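J.: Letter by letter, the chains look like this.
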Amino acid sequence: MNPEPPEERDGTPVGRRVFLGTLGLGALGVLAAPALQRGLEALSGNDPTGLTGLLPNGGGFRYYSVAASVPDKNATDYRLTVDGLVDRPRGYTLADLRALPQTRLVRDVQCVTGWRVPGTPFEGVRLADLLDAAGVRPTARALRFTCFDGTYTESLTLDQARRPDVLVALRMQDKDISHDHGGPVRLYVAPMYFYKSAKWLSGITVTDRVKPGYWENLGYDVDAWVGRSNGRTDEPTS
Amino acid sequence: MSLRADTPARPAARVRRFSRAERWIHRTTAALMGVCVVTAAVLYIPQLAVLVGRRELVVRVHECAGLALPVPVLLGLVSRAFRADLRFLNRFGPHDRLWLWAALRRDRRRQARPAGKFNAGQKIYAAWIAGATLVMLGTGLLMWFTHLAPLVWRTSATFVHDWLALTIAVVLAGHIGMALGDPEARKGLRTGTVSEEWAKRQHPLWRPRP
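Those protein sequences? They're chains A and B, same order as listed. Numbering-wise, the first sequence is residues 0 to 237 according to the numbering used here. Numbering-wise, the second sequence is residues 1190 to 1399 according to the numbering used here.
Derived by calculation from the structure, the hints in this document are not laboratory data. This one's a predicted model, so the numbers in the text were calculated from it and none came from an experiment. Check each hint, because a few of them may be wrong.
Restraint ranges, calculated between C-beta atoms of paired labels, are given here [said to hold, decoys possible]:
{"hint": "1", "chain 1": "B", "residue 1": "Gly-1223", "chain 2": "A", "residue 2": "Thr-156", "range": "41 to 51 Å"}
{"hint": "2", "chain 1": "B", "residue 1": "Val-1262", "chain 2": "A", "residue 2": "Leu-35", "range": "40 to 50 Å"}
{"hint": "3", "chain 1": "B", "residue 1": "Leu-1263", "chain 2": "A", "residue 2": "Thr-138", "range": "55 to 65 Å"}
{"hint": "4", "chain 1": "B", "residue 1": "Arg-1212", "chain 2": "A", "residue 2": "Gly-38", "range": "20 to 30 Å"}
{"hint": "5", "chain 1": "A", "residue 1": "Pro-70", "chain 2": "B", "residue 2": "Ala-1210", "range": "23 to 33 Å"}
{"hint": "6", "chain 1": "B", "residue 1": "Ile-1234", "chain 2": "A", "residue 2": "Thr-156", "range": "34 to 44 Å"}
{"hint": "7", "chain 1": "B", "residue 1": "Leu-1263", "chain 2": "A", "residue 2": "Val-116", "range": "34 to 44 Å"}
{"hint": "8", "chain 1": "A", "residue 1": "His-178", "chain 2": "B", "residue 2": "Arg-1295", "range": "21 to 31 Å"}
In this text, a Cβ means the ideal position worked out from N, Cα and C, and glycines have one as well.
Turn these sequences into a full structure, and let the hints steer you where they fit.
T.: Right, dumping it as structure tokens:
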């Protein structure tokens, strides 16, 4: 038989070069990422087709749910309860919440995983108003939020909760909040990373100390100020 | 007639292409890569994320499959046949240049595509996917163990991980598409042998050992 062509065994090691080159490009990509990402965000910001939304970090929201499935709630079966260390615990229907004074805020949304959605309108009831209506007792220090996905929880200190840029939001992007975005009612904590803005909000319990929420038990910061926590240096959102 | 059925096929009809170890390396790597791709799709595509939820579990499965992905190849290094094939994949001769040139010009004539045991496209694919897998592993670890590195690295790692994932999806689809178009090549990885005719046609410079 013909002998094997010698270059099959002893040719140029191009495979190794491609392999190492790919590794090198990967490392270079990590170094150049901040600049590349800024460029892409600028590009997708002026994209009328919306096609860039399909690309990584192409802008827009990403859906995160920690639960297996989340029930649908609407005007007939949605309830928000306010209880704990308050004088007047009560439940709110969607209509009750809509009847209260509404505040509209337009801020950037910053996720702790890096994506940011510029200028997103949120509209709803100031959390401070609900707390005043409930009559917070002097021993109270914090709030615990529960959600009707049955799993997610969040927390705020009383001082954080009383900020004017913290809402019990009913509308987002000038539409009623859709189920996937945490509707009909979600928390909106404008100055903090978006995991603080619990979706599918169903309960507010006033407590005497901060009890860390779902992601905070998995290592994220409890006081999640944008740009001053989780080791990140993003531009503050509020 | 029953006698004929009992006679073994002519030994020259089939040639050995892959050892049992190599077939298992490919199978397990493909399965782990499949788990990575499916879980990545669930984490990344909003409609699938909505459908599946359970983010923490999906992340855990993705991480474990990703960590395990290089293991079959590393274990496979004890196999002499696998090491010999890695050498074939690594080394490029003048015929590989001809093959790549023909591929660029979409020249499908047999004599324009000389190839040894692996053609130049398969060689480049193997080297690239190995490198890309390690980049995914590295950036994945940076996203996972955020406290090991400065946190700006995490965003950068996410960026590279996302874009490279998209690239891998495209390249992998090409790899699978080409396998779907060549049943004999698939048979080679399933049974370990290919027809002599196929070997002569697709890999004319390959001299299979008996």
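J.: Verify the CB-CB distance for B:Leu-1263 and A:Val-116 against the hinted window 34 to 44 Å.
T.: Distance hint for B:Leu-1263, A:Val-116 holds at roughly 41 Å.
J.: Has the hinted range 20 to 30 Å been met by the Cβ atoms of B:Arg-1212 and A:Gly-38?
T.: violated (45 Å)
J.: Using the Cβ atoms, figure out if B:Val-1262 sits within 40 to 50 Å of A:Leu-35.
T.: At roughly 30 Å between Cβ atoms, A:Leu-35 and B:Val-1262 fall outside 40 to 50 Å, so the hint is violated.
J.: B:Ile-1234 and A:Thr-156, beta-carbon distance inside 34 to 44 Å?
T.: holds (36 Å)
J.: Starting from the hint 23 to 33 Å, judge whether the C-beta atoms of A:Pro-70 and B:Ala-1210 obey it.
T.: This hint is violated: roughly 50 Å between Cβ atoms.
J.: Are B:Gly-1223 and A:Thr-156 spaced within 41 to 51 Å by their CB atoms?
T.: holds (46 Å)
J.: Take a look at whether the Cβ-Cβ distance between B:Leu-1263 and A:Thr-138 falls inside 55 to 65 Å.
T.: holds (59 Å)
J.: Assuming the hint says 21 to 31 Å, is it satisfied by the Cβ distance from A:His-178 to B:Arg-1295 or not?
T.: violated (49 Å)
The structure does not agree with the numbered hints 2, 4, 5, 8 stated previously, though it agrees with the rest.
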